[in-house]
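> Spelled out, the chains give:
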Amino acid sequence: MSRLRRIFTLDSLIVPLVAILLGLIVGAVVMLLGGYNPFEAYSALIKRVVGNPYDFGETIRQITPLIFTGLAVAFAFRSGMFNIGADGQVLIGMTSATAVSLSMSGVSSSIVVPVSVIAGGVAGGLWAAIAGYLKAKRGINEVITTIMLNWTALYLSNYVIRHFFLLKGQNRSEDIGASAALTFLSGIFNNARVHWGIVIALLAALFFYVYLWKTKQGYEMRAVGFNQNAAEYAGMNVGRNVVKAMFISGVFAGLAGAFEVLGVFHYQSVFAASPGYGFDGIAVALLGMNHPFGVVLAAILYGVLTYGSAGMSFAAGVPPELIKIIIGSIIFFIAAQGIVRFVLKPFYLKRKKEKVL
Amino acid sequence: MSTAAPVVELKQITKRFPGIVANDSISLTLRKGEIHALLGENGAGKSTLMNILFGLYQPDEGSIEIDGKPVTIDNPNKAIKLGIGMVHQHFKLVQPFTVTENIILGMEPTKGLNIDYKSASAEVAKLSEQYGLHVNPNSKIQDISVGMQQRVEIMKTLFRGADILIFDEPTAVLTPQEIVELMAIMRRLVAEGKSIILITHKLKEIMEISDRVTIIRRGKVIDTVDTDNTNPNELAEKMVGRGVTFKIEKDAPVIGQPVLQLNQVKMNDKQGVSVLNGLDLEVKAGEIVGIAGVDGNGQSELIEAITGLRKIDSGSIKLSGKEIANLPARKIIESGLSHIPEDRHKHGLVLDFSISENMVLETYYKSPFSKNGFLDRRVVDKNAEKLVQDFDVRTPSIETKARSLSGGNQQKAIIAREIDKNPDLLIAAQPTRGLDVGAIEFVHKQLIGQRDQGKAVLLISFELDEIMNVSDRIAVIYEGRIVGEVLPQNTNDQELGLMMAGFMEKGGQSDE
Chain A
24 MSRLRRIFTL DSLIVPLVAI LLGLIVGAVV MLLGGYNPFE AYSALIKRVV
74 GNPYDFGETI RQITPLIFTG LAVAFAFRSG MFNIGADGQV LIGMTSATAV
124 SLSMSGVSSS IVVPVSVIAG GVAGGLWAAI AGYLKAKRGI NEVITTIMLN
174 WTALYLSNYV IRHFFLLKGQ NRSEDIGASA ALTFLSGIFN NARVHWGIVI
224 ALLAALFFYV YLWKTKQGYE MRAVGFNQNA AEYAGMNVGR NVVKAMFISG
274 VFAGLAGAFE VLGVFHYQSV FAASPGYGFD GIAVALLGMN HPFGVVLAAI
324 LYGVLTYGSA GMSFAAGVPP ELIKIIIGSI IFFIAAQGIV RFVLKPFYLK
374 RKKEKVL
Chain B
748 MSTAAPVVEL KQITKRFPGI VANDSISLTL RKGEIHALLG ENGAGKSTLM
798 NILFGLYQPD EGSIEIDGKP VTIDNPNKAI KLGIGMVHQH FKLVQPFTVT
848 ENIILGMEPT KGLNIDYKSA SAEVAKLSEQ YGLHVNPNSK IQDISVGMQQ
898 RVEIMKTLFR GADILIFDEP TAVLTPQEIV ELMAIMRRLV AEGKSIILIT
948 HKLKEIMEIS DRVTIIRRGK VIDTVDTDNT NPNELAEKMV GRGVTFKIEK
998 DAPVIGQPVL QLNQVKMNDK QGVSVLNGLD LEVKAGEIVG IAGVDGNGQS
1048 ELIEAITGLR KIDSGSIKLS GKEIANLPAR KIIESGLSHI PEDRHKHGLV
1098 LDFSISENMV LETYYKSPFS KNGFLDRRVV DKNAEKLVQD FDVRTPSIET
1148 KARSLSGGNQ QKAIIAREID KNPDLLIAAQ PTRGLDVGAI EFVHKQLIGQ
1198 RDQGKAVLLI SFELDEIMNV SDRIAVIYEG RIVGEVLPQN TNDQELGLMM
1248 AGFMEKGGQS DE
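Taken in sequence, the protein lines are chains A and B. My numbering numbers the first residue of the first sequence as 24 and each following residue consecutively. My numbering numbers the first residue of the second sequence as 748 and each following residue consecutively.
Simulated from the structure, these hints should not be mistaken for lab results. All residues carry an ideal CB built from backbone N, CA and C; glycine is no exception. Be a bit skeptical, because a hint or two may be false.
Computed, partial: chain A to chain B, Cβ under 7 Å [stated by the list, open to error]:
| hint | residue |
| --- | --- |
| 1 | Lys237 |
| 2 | Thr238 |
| 3 | Lys239 |
| 4 | Tyr242 |
| 5 | Ala246 |
| 6 | Phe249 |
| 7 | Asn250 |
| 8 | Asn252 |
| 9 | Ala253 |
| 10 | Tyr256 |
| 11 | Ala257 |
| 12 | Gly258 |
Computed footprint of chain A on chain B, listed as stretches where at least three residues anywhere in the stretch have a Cβ under 8 Å from a Cβ of chain A [said to hold, decoys possible]:
| hint | segment |
| --- | --- |
| 13 | 1094-1103 |
| 14 | 1221-1233 |
Excised from the complex, chain B in its bound form:
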């Protein structure tokens, strides 16, 4: 395979944005029939490079060759004509349309004046069969799973004749089972003669599926290596630029008084279905309690109940001994709660606000940020300067809109804001979702730092590794109830898995 001809050659690509060099003379060769992983931290310049290859950006310097011929790709249509297809991280699908309708969108085959759905649908079915995608051409997008939707995106590129496929963080949204299936599909694609560029920061997947890896750090190529001759530790070190510990160092917790106490909390959704079903939970000062569970078992509702965003129907929630159930959100925040929300774009940041403005999202009305009803810009900016510095938020300036920061830096900004409030209780929901190993390490250190300062930390995560590594105590949630409480050193994935699936209960105050 190593002798195969290159299908794509990026030569000395440089791309500058105001205040930042996103790609600094990057060269990359994709050989025919290989899976080439592109590894780098958030904001290292992976997406910029691929957007250049796909014609969304123009390089300031450098050239691109496809099949040995120099080309200029100034829009995505040109890229598609050259046989390049991109499977975006965020799908670009029309929900109420069928699979076939989505696939042919923009290049509908016609029969007279009508769209020829019949032959299109047959074509889609054929492609599905050829690559083992198992997609029903007539299902509506809104009715199929996320994994299936991704296959529709893959099929869109195949339908347009792509030979070179770019996958942008394809596993970020998938369940473990779906990831296994995706890997199989990628192998099938390569076997059928396609070439793949895989953008990711998940080392496990790279080791499992890629042939070669190119590591990018801060816009520069660090190295290109054969996957067989490397290991995860080496890759992580190259990506971050220093040694990374996967095992989290922490001392034994010094546990204090209860900070958060939930007692028989019940909540129904709009349809009257019970989403929190008599939930009991206690988090003490100086400990991290991890909530393990399969998505949709009441995690979001639990957070919304504690933070006051949704009313509970009965039960009690106490923060530092004070009843906070159904109080307005601001009252609860003022009682000493900080919250790193699950969806940082939707809930954590106002993307069109500057970093500076985002840093005072919960404190803007208080002195010294506000005086006599007016915001004191100087104090607000000074505060942002300090937080950006202390938490190493990489941004061209504090006036930059939050929208233009990378995911990892957006998360750092939120964490900076939340920790700076010096809370008694810190809720962290999926705090490392979509982050690279360097940023994950940072987040975990911050959480443990808070716990060592005697704060109570509630961690909600779907990543079992994270729950096992970071928590001092694990509570398993199933169908709106805590069905088990265990210590991480006394349990294992199998036991947790059984509890998460509702087959086993253990410890806690379970009454069944």
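Only chain A is shown next, with the shape it has when bound in the complex:
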């Protein structure tokens, strides 16, 4: 019990919660300024998400890739790197999964899906490992290489789809027969596109936690993340850890891509611009304070707000772009923790006084 209380009085939980509250208030103020009713808007948002089984299922669908990319960014960050390239890794994961599953047409779905998912994850990991290798061997900043690799991934993916898997007359690949749909859940959720990805995503978060905090490889990775010099002095191979951390980070992102094509779209578009999963992942990782369980919660929040925003515009006439303002201000308040602490100051002081009495 005392342990439970300690967790809840923990700064690391209070700060994000207050930040979310402040973000919602900022959103409400903006709505009031624009002549909308914030209560109506927020209740429309909630109603949209939990109002019927289909939308609830679709919200889960929205959340799934956010967990993956959030984990990808957070994992790299814990190992001392900033992976801006989750977006490119998602694309490579998608393309590999598409390529593998289309090449295996006719084979049973129960074989095609796992093989394609693994292919997507590994390809995403290898793509990210390129940046890791360049950092380890040549000392090139991963922020630069991962951004460059995003564009490389975009054009490479489009090239592969156009030249090998194009559906005639369309700007997308042929249809993928195999499906990673969670059929029994799809039933409950009125044919919402719920897929195995959510299960794997939650397992990935668990893996993240166990690997980093319970295993010796994770210990090493965190040591490298906190202080490369001390890690090197202690005899750890910093370069190998950098490559490995980027690989694992990329696997998470690659899985997001694989499940998007196998579970949701069942084809891959030729993208005119980057789809943006990876950049959402940066926001999710920030919101989740780079902790795997925080990332899951943050992805839920982010997914609910994003999916619910459509309801907000439909029922309350509030433009869906407003949700970006809310998400933006939540992230702002999390990053600017000083402001949150300033808001909380009177509460803290009060509590201290009680203690003295």
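Mind docking chain B on chain A? Use the hints.
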């Protein structure tokens, strides 16, 4: 001077942190125009007290009076307004900016929309002249020496109108010559009507410059004494709480087989400049070899070569007869090397890891700490409990982050970890830098303890006293080469100084 009015009065200040009372009802009076030394071990609560005076912390109990008026100082800006200035141990300067730009940062004088550099620069020059600081207002910080940078910090406080200056361990980063100059500056400041609080644990400096001394131990004031009526032994005893021997007791060494052998080791830096230039060195079991030398003559490179952190270009390095040159660092550690690094924050500890995690930094992958790829938390914690106990590391708990320990306790933690590995060779680089006399005594005893157990110890230090007192043999390094080997009982500071400056060579296998 003793009749002068108090400018600062701290009354019954108490400050608690989780698990520790940093200041326990501390009272202190600073008189106008005096230099008041604040003496205490690492972690005794000196810095906490000064951070309270400077508005960085709030006291839980107690009050502060400035010029006889009670005040609340809840942020540094308020402290500055009240005429308090702090010269931090770690400078807070913008390297690519000029002296003037750094000094006016945050309160730039303006002329229309532009910053008025001309009058600012003139003002800085005037201050420099008045206090004899000899700082060029237009030099860039990155181009001036550490001593000069410190003067810029002093000038920053003067520019903001400080009458009360707090110096936090000001001599820790200075060369002996710079220390003499700093003392002169402090005297000048006092002569001009400023009052100074000097935080330090160096007794020599206190005796030389302070008017009064307040001694703090474990958060409590032990005594305030006039410097004229005390002596270093009394101060040390009050600070540590027991008698301290400055002379190190040790028996004659029992010297055994060679453990570390370096033969004609050569290393070039990135620019191709030779940093180790055919270095020969031997350390035998049961002896402490001290490397004396001026900073930058290859000491760091020598350590990096032995520990495998940097590749050598030619020559041989043998540990217990086995060639270890250019092996991976872990292989060398496993061959029986322990290393207390020069920079404990950068190389010795992962500051954001707990004490417990830091204690297995080099052994985490081995049984019993790891099993089947998983860390065994219980064994790791038990190990930390034991080491913390055995080496008297003062920490609220083993889960505490290394960052929040005092410097002396961080060093104790590193020494505990390194000695516990039971090495054949222990390298100790600047092992007592920034430590107080109590902690220094502890470190020296540990080094001698290792030597008495038949280990080889290589001590690298810029402190000649330390080299003279602790070593069984002294090797002098100059420009990447050992230019002389002497026994401490057969030499003196002058001779060592000449060798360190490259004017003399003696003994060893010098071939010139």
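> Compare the structure with each hint and give your call.
Quick rundown of the hints versus the structure:
| no. | hint | in the structure |
| --- | --- | --- |
| 1 | Lys237 | holds, 6 Å |
| 2 | Thr238 | holds, 5 Å |
| 3 | Lys239 | holds, 4 Å |
| 4 | Tyr242 | holds, 5 Å |
| 5 | Ala246 | holds, 5 Å |
| 6 | Phe249 | holds, 5 Å |
| 7 | Asn250 | holds, 5 Å |
| 8 | Asn252 | holds, 5 Å |
| 9 | Ala253 | holds, 5 Å |
| 10 | Tyr256 | holds, 4 Å |
| 11 | Ala257 | holds, 4 Å |
| 12 | Gly258 | holds, 3 Å |
| 13 | 1094-1103 | holds (count 7) |
| 14 | 1221-1233 | violated (count 0) |
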